Amino acid sequence: MAPEYNTMEMMICVASRYLEDGKTVAVGTGAPCAAAMLAQKLYSPNLIILFEAGGVAPLLPRMPISVGDSRTFYKAVMAAGMSEMMTTCARGQVDYAFLGGAQIDKYGNINSTLIGDYQKPKVRFPGSGGANDFASFCWRTMIMTVHTKARFVEKCDFITSPGFLHGEGSREAAGLPEGGPYKIITDLAVMGFDAQTKAMMVESLNPGVELQQVIENTGFELLVSADIGRTEAPTEEELRLLREEVDPLRLVIGRA
Amino acid sequence: MEVLDQGLNPIFTDPDPDKAREFFRNKSRAMVDKRMTEREAVEKFVHDGDYLAIGGFGANRIPNAIVHEIVRQRKKNLGFLGHTSTHDFQVLAAGKCFNRVDAAYIVGLEARGLSPNARRYMESGEVQVTEWSNYALDVRLKAAADGVSFGILRSILGTDTFKMSGAKVVECPFTGKKYAAVPACWPDVAAIHVHEADMYGNAVIRGISVADLELARAAKRLIITTEKLVHNAAIRENPTATSIPFYLVDAVVEVPYGSYPGNMPYLYFSDEEHLAAWMKAEKDPEVFAQFLDTYIYSCSNFQEYLEKCGGLKRIEELQKLENLVDV
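In order, the protein sequences belong to chains P and W. Residue 336 in this note's numbering sits at position 64 of the first sequence; the count goes up by one each step and never skips. Residue 950 in this note's numbering sits at position 184 of the second sequence; the count goes up by one each step and never skips.
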């Protein structure tokens, strides 16, 4: 019998498979950190975890609460500062970064700043933090999020961090370096981006999910890959490591 | 240098490097005893209308005694550098101390959620905002620390973060590549919490430095709060460890547990229960007013706040958490 799991566990397990050995990943707290820790334990022992406040390759003893708390540089190779981390990204030495936000559009642009008018917003969120910098500099950015129409919108109220901006050629035209969104991992599906137009494309459907469900929960027209597949369900080993070693206190996986 | 595009929002600090040099020319370089209380430091060095920056990372190694004192002394109309700010922003927003903000990260407390009160303040329209990213603000501080009027970076381009910033797009004279040019930021005053300092202000930060090395060098006036006061001989014994030299520093305030309820690397972890109490109290403005009265306005100093939060007993628990001793 296949193991049971919740949507948070599903997204973390799927994300962990995309982090290749010997690469660098800039992570935030929560699900991205869990995915990177799981990858280290199962798939990519030489994956290097970086935190924007200055932690380089820590041996994470448990989940950090903040990207600047002392766990993020526990037994690290270096306790640096933000400039060191951001210039490492700018030089092209950071492969992956995880991002999040209130809205995402079909080119993978993200809003984490506000809804409504700029000087008197309806809802104010934190803003970029380091996200715009990661989205600009890192080779491959990823997002883990629940899949709803309110989140997957035709147009973001505010583009905080760049995806492919307005599609083909527009990152280059703006002066941004090569890079951009790689995978969008949701509770319904995994999406990538069309190589030519840079528009979001469904690549695989999560177990038990039909394409129609994904379409109905997306506020823009999604491309569908010609060889659309099934996302592999979390394996027993993934779930065991995630629950017993990565997040035994269920700080992240308990949120689903 | 041709300007190809520009952000719409104002720059709150003067980027003129010669004015900054003139200020620093007249700043004392005497190695004298700078010890004082948090009350004296804020009275002397933080004025209404100043542009303020707070060191650390939101709820990690923050100079919280100074943040509380600024609220207690009811400082108003400050500008604020919203760089990785979380609990510090939350406390200053509670006192409505600032009316303009350079925002890279505000109102949030990372995984803990958003501060209801800071959100209300930012959504009221009372605060003028200019948008940036963390790296953009770091480059602004580095330019100031370098004594030049602007810095360049390749992020923020093409986004609304750029559009709502005070940056400009310029072209590289060598390669033709586009860059975001951002103005140097010399804050009027900054406060940084450190592990050790001597009475002259020679300061040691252990663990990550976040943006504090550049902030210490950009700020016109600098207040150091320190966990521990050490003899100058201890600094001279290991000068490699000095993060901030005395001539940058205006005040030295000894505040044990001064990052509370934030984390202080190697010493004590963050008090998540107390941080949650802030968030809970903020939901109801009346309850929150009472909360602020209890924890800030009715305290005569930061030590009284610590006592109300459980004092040494609570600190000992946080020390165990920091050292991964299961309690």
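Just so you know, the hints here were simulated from the structure itself, not pulled from any lab data. There could be a bad hint or two in this list.
Unchecked claim - Straight-line Cα separation of at most 16 Å, EDC-like style, residue types lysine to aspartate or glutamate; simulated pairs:
id : chain 1 : residue 1 : chain 2 : residue 2
1  : W       : 842       : W       : 954
2  : P       : 421       : P       : 493
3  : W       : 986       : W       : 1016
4  : W       : 943       : W       : 771
5  : P       : 394       : W       : 768
6  : P       : 313       : P       : 292
7  : W       : 929       : P       : 429
8  : P       : 347       : W       : 768
9  : P       : 394       : W       : 816
10 : W       : 944       : W       : 814
11 : P       : 392       : W       : 816
12 : W       : 986       : W       : 768
13 : W       : 944       : P       : 429
14 : W       : 929       : P       : 389
15 : W       : 986       : W       : 784
16 : P       : 392       : W       : 889
17 : W       : 862       : W       : 889
18 : W       : 785       : W       : 889
19 : W       : 842       : W       : 816
20 : W       : 943       : P       : 450
21 : W       : 944       : P       : 292
22 : W       : 842       : W       : 892
23 : W       : 943       : P       : 444
24 : W       : 842       : W       : 814
What the hints assert, rightly or not - Only part of the chain W face toward chain P is listed, based on derived beta-carbon distances under 10 Å:
id : residue
25 : 810
26 : 813
27 : 815
28 : 875
29 : 885
30 : 897
31 : 922
Note that the structure is predicted; figures quoted are calculated from it, not measured. Glycine residues also receive a C-beta, built at the ideal position from the N, C-alpha and C atoms.
Structure-based check of all given hints:
Restraint check for residue 842 (chain W) and residue 954 (chain W): the C-alpha separation of about 14 Å stays at or below 16 Å, so the hint holds. For the given pair, residue 421 (chain P) sits about 11 Å from residue 493 (chain P) by alpha-carbon distance, which is consistent with the 16 Å threshold. Restraint check for residue 986 (chain W) and residue 1016 (chain W): the C-alpha separation of about 9 Å stays at or below 16 Å, so the hint holds. Between residue 943 (chain W) and residue 771 (chain W) the alpha-carbon distance is near 14 Å, which keeps this suggested pair within the 16 Å criterion.
At roughly 36 Å between alpha-carbon atoms, residue 394 (chain P) and residue 768 (chain W) are farther apart than 16 Å, so this suggested pair is violated. A threshold of 16 Å between alpha carbons decides the hint, and for residue 313 (chain P) with residue 292 (chain P) the separation of about 12 Å falls inside it, so the pair holds. A distance of roughly 13 Å separates the Cα atoms of residue 929 (chain W) and residue 429 (chain P); the hinted pair therefore holds under the 16 Å criterion. In summary, the hint linking residue 347 (chain P) to residue 768 (chain W) is not supported, as the alpha carbons are separated by about 47 Å, beyond the 16 Å threshold.
The straight-line distance between the Cα atoms of residue 394 (chain P) and residue 816 (chain W) is roughly 28 Å, outside the 16 Å bound, and the hint therefore fails. Proximity of residue 944 (chain W) to residue 814 (chain W) is assessed by CA-CA distance (about 39 Å); at most 16 Å being required, the pair is judged violated. With a C-alpha separation of about 23 Å, the suggested pairing of residue 392 (chain P) with residue 816 (chain W) is violated against the 16 Å cut-off. For the hint pairing residue 986 (chain W) with residue 768 (chain W), the CA-to-CA distance comes to about 31 Å; that exceeds 16 Å, so the pair is violated.
Distance check on the hinted pair: residue 944 (chain W) and residue 429 (chain P) sit about 25 Å apart at the alpha-carbon level, beyond 16 Å; violated. A hinted pair counts as satisfied when its Cα atoms are at most 16 Å apart, and residue 929 (chain W) with residue 389 (chain P) qualifies at roughly 14 Å. A threshold of 16 Å between alpha carbons decides the hint, and for residue 986 (chain W) with residue 784 (chain W) the separation of about 13 Å falls inside it, so the pair holds. Distance restraint check for residue 392 (chain P) and residue 889 (chain W): the Cα-Cα separation of roughly 5 Å lies within the 16 Å cut-off, and the hinted pair is therefore satisfied.
With a C-alpha separation of about 13 Å, the suggested pair residue 862 (chain W) and residue 889 (chain W) falls inside the 16 Å cut-off, and the hint holds. Taking the CA atoms of residue 785 (chain W) and residue 889 (chain W), the gap is near 35 Å; set against the 16 Å cutoff, the hint is violated. At most 16 Å may separate the alpha-carbon atoms for a hinted pair to count; residue 842 (chain W) and residue 816 (chain W) meet this at roughly 9 Å. About 13 Å separates the Cα atoms of residue 943 (chain W) and residue 450 (chain P), which keeps this hinted pair within 16 Å; it holds.
Restraint check for residue 944 (chain W) and residue 292 (chain P): the C-alpha separation of about 31 Å exceeds 16 Å, so the hint is violated. A hinted pair counts as satisfied when its Cα atoms are at most 16 Å apart, and residue 842 (chain W) with residue 892 (chain W) qualifies at roughly 12 Å. With a C-alpha separation of about 10 Å, the suggested pairing of residue 943 (chain W) with residue 444 (chain P) holds against the 16 Å cut-off. Pair hint residue 842 (chain W) plus residue 814 (chain W) holds up; C-alpha atoms about 5 Å apart against a cutoff of 16 Å.
At about 28 Å, the closest approach between the beta carbon of residue 810 (chain W) and any beta carbon in chain P exceeds 10 Å, and the interface hint on this residue is violated. For the restraint placing residue 813 (chain W) at the interface with chain P, the shortest Cβ-Cβ distance is roughly 26 Å, beyond the 10 Å limit, so the hint is violated. Because the smallest distance between the Cβ of residue 815 (chain W) and any Cβ of chain P comes to about 20 Å, over 10 Å, the interface hint for this residue is violated. Satisfaction of the interface hint for residue 875 (chain W) is found here, the shortest Cβ-Cβ separation to chain P being roughly 8 Å, below the 10 Å cut-off.
For the restraint placing residue 885 (chain W) at the interface with chain P, the shortest Cβ-Cβ distance is roughly 6 Å, inside the 10 Å limit, so the hint holds. A hinted interface residue such as residue 897 (chain W) counts as satisfied when its beta carbon comes closer than 10 Å to some beta carbon of chain P; here the least separation is about 6 Å, so the hint holds. Hint on residue 922 (chain W) holds. Least Cβ distance to chain P is approximately 6 Å, under the 10 Å limit.
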